[in-house]
Amino acid sequence: MRDRGLIFTGLVLFLGLITFPVWYNLASGTSSKPPELKLPTTEKQCVAPTETMRMSHMEMLITWRDQVVRQNDRTYVAADGKRYDMSLTNTCLKCHDNKAEFCDKCHDYAGVKPYCWDCHIDPKLVQRSKG
Amino acid sequence: MTIHRRTFLGVAGLSAVALAGKSTIGALAKAGEEAAPAAGAATRWAMVIDPQRCLRKEGCKDCIGACDKVHNVPLFKDKDHEVKWIWKEPFENAFTGEENPYTAEALKDKPVLVFCNHCDNPPCVRVCPTKATWKREDGIVMMDWHRCIGCRYCMAACPYGSRSFNWLDPRPRIPALDPEFPTRTKGVVEKCTFCEERLAKGEQPACVEACPEKALVFGNLDDPASEVRSLLREHFTIRRKPELGTQPEIYYIV
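Chains as they are written, first to last, in our numbering: chain W, 1 to 131; chain U, 1 to 254.
To be clear, the hints were calculated from the coordinates, so they are not data collected in a lab. Incorrect hints may have been included.
[Stated by the list, open to error] Partial list, computed: chain U residues near chain W (C-beta under 8 Å):
| id | residue |
| --- | --- |
| 1 | His4 |
| 2 | Thr7 |
| 3 | Arg136 |
| 4 | Asp144 |
| 5 | Trp145 |
| 6 | Ala157 |
| 7 | Leu177 |
| 8 | Glu180 |
| 9 | Pro182 |
| 10 | Arg184 |
| 11 | Thr185 |
| 12 | Ala200 |
[Stated by the list, open to error] Dumping the calculated DSSO-like pairs for lysine-lysine here, alpha-carbon to alpha-carbon at most 30 Å:
| id | chain 1 | residue 1 | chain 2 | residue 2 |
| --- | --- | --- | --- | --- |
| 13 | U | Lys186 | W | Lys105 |
| 14 | W | Lys105 | W | Lys38 |
| 15 | U | Lys88 | W | Lys113 |
All C-beta atoms in this analysis are idealised placements derived from N, C-alpha and C, irrespective of residue type, glycine included.
Here chain W stands alone, though its shape is the one from the complex (with noise of 0.2 Å):
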């Protein structure tokens, strides 16, 4: 029992140390947050209700390619009725204009690592290797 004070001391330090990643997180303020997205300032109304789009906007890209390149079938008709022309690129990026700042910013956050990019081209990457 005169170990008592040497015990608990140790059994602090030791939870102390193994807890040591959230309390550093929690003071740096990082993970706690999910990230800020910038949003289209040009279109108020997307394809899909947020909500949709934020769990399933992966499948919809996967419908998507199926239909346009397999089916030849290019028109995706939205709730309202609204036709749009499935396209990454010319449909999702004309208003999600910053794809570092909505798709790489959650994509980094959540750690996925979607190889869309590896062929399909954010239209600004182009703009800066020109001016």
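Starting from the known structure of chain W, arrange chain U on it as the hints suggest.
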């Protein structure tokens, strides 16, 4: 009046047969109705090339330039890495089956435009293990670059050398990136797609539009009134390696 068991069974049996027959005939008639309009509106894209017209403007590469530009085709100086959608080939090399030792002066050693023939019986489609290349209903031999695994079976199968493989990352070799069209990546096969993305917008293929001599004519073979059909009626045309049975759909006026 009493009905005997035998009479009842007989009438019931005949009625059943009659009912079954009616529904069968109905279904058959319906199937016929549905198939009819589709056959009338068929499309079969094809191209007719006039090599003589093509030769009028010497050294002209307008069509090749236009195609490379809209499709982000990379420019590799090294022949081993070359990526080609549309290019020029000496007449004898393009038409190896002609075996005529006395080629007319007008065509002898002259460059002829060649690209994917969008065959009716495409050997590349038969060998593709992932269905990354297939023949569309309108005859275009299409490619899905998302699906291509780069096995190059299609390149071995194509008797026209119409397909190119990206041995290196093509992006740094594209002179001017067009963001409207994707690039390809290393390890993917690519070829002419008859500008299907332009056809969808009702435009002509880029090479046809760019040709200053109107040497390339694009149209629907299934429409007897189309320009390609009238050209085929008025001229004698040849195709590349028809003896292989691939049924190429690029016709050359000779």
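So, going through the hints one by one against the coordinates:
Given the 8 Å rule on beta carbons, the hint for His4(U) is violated: about 61 Å separates it from the nearest Cβ of chain W. Interface restraint check: Thr7(U) against chain W, minimum CB-CB distance 57 Å, threshold 8 Å, status violated. A cut of 8 Å between beta carbons decides the hint on Arg136(U): the least distance to chain W is about 7 Å, and the hint holds. Taking 8 Å as the C-beta cut-off, the interface hint given for Asp144(U) holds, the closest approach to chain W being about 5 Å.
Given the 8 Å rule on beta carbons, the hint for Trp145(U) holds: about 7 Å separates it from the nearest Cβ of chain W. Taking 8 Å as the C-beta contact cut-off toward chain W, the hint placing Ala157(U) at the interface is violated, the least distance being around 21 Å. With a cut of 8 Å, the hint placing Leu177(U) at the interface with chain W holds, because the nearest CB-to-CB distance is about 5 Å. Taking 8 Å as the C-beta contact cut-off toward chain W, the hint placing Glu180(U) at the interface holds, the least distance being around 6 Å.
The beta carbon of Pro182(U) is positioned within 8 Å of a beta carbon in chain W (closest approach about 4 Å), and the interface hint is therefore held. Residue-level restraint check for Arg184(U) holds (minimum Cβ-Cβ distance to chain W is 6 Å; threshold 8 Å). Interface restraint check: Thr185(U) against chain W, minimum CB-CB distance 5 Å, threshold 8 Å, status holds. The beta carbon of Ala200(U) comes within 6 Å of a beta carbon in chain W, closer than 8 Å, and the hint placing it at the interface holds.
Pair hint Lys186(U) plus Lys105(W) holds up; C-alpha atoms about 26 Å apart against a cutoff of 30 Å. A hinted pair counts as satisfied when its Cα atoms are at most 30 Å apart, and Lys105(W) with Lys38(W) qualifies at roughly 9 Å. Annotation: proposed proximity of Lys88(U) to Lys113(W) is violated, straight-line Cα distance about 40 Å (limit 30 Å).
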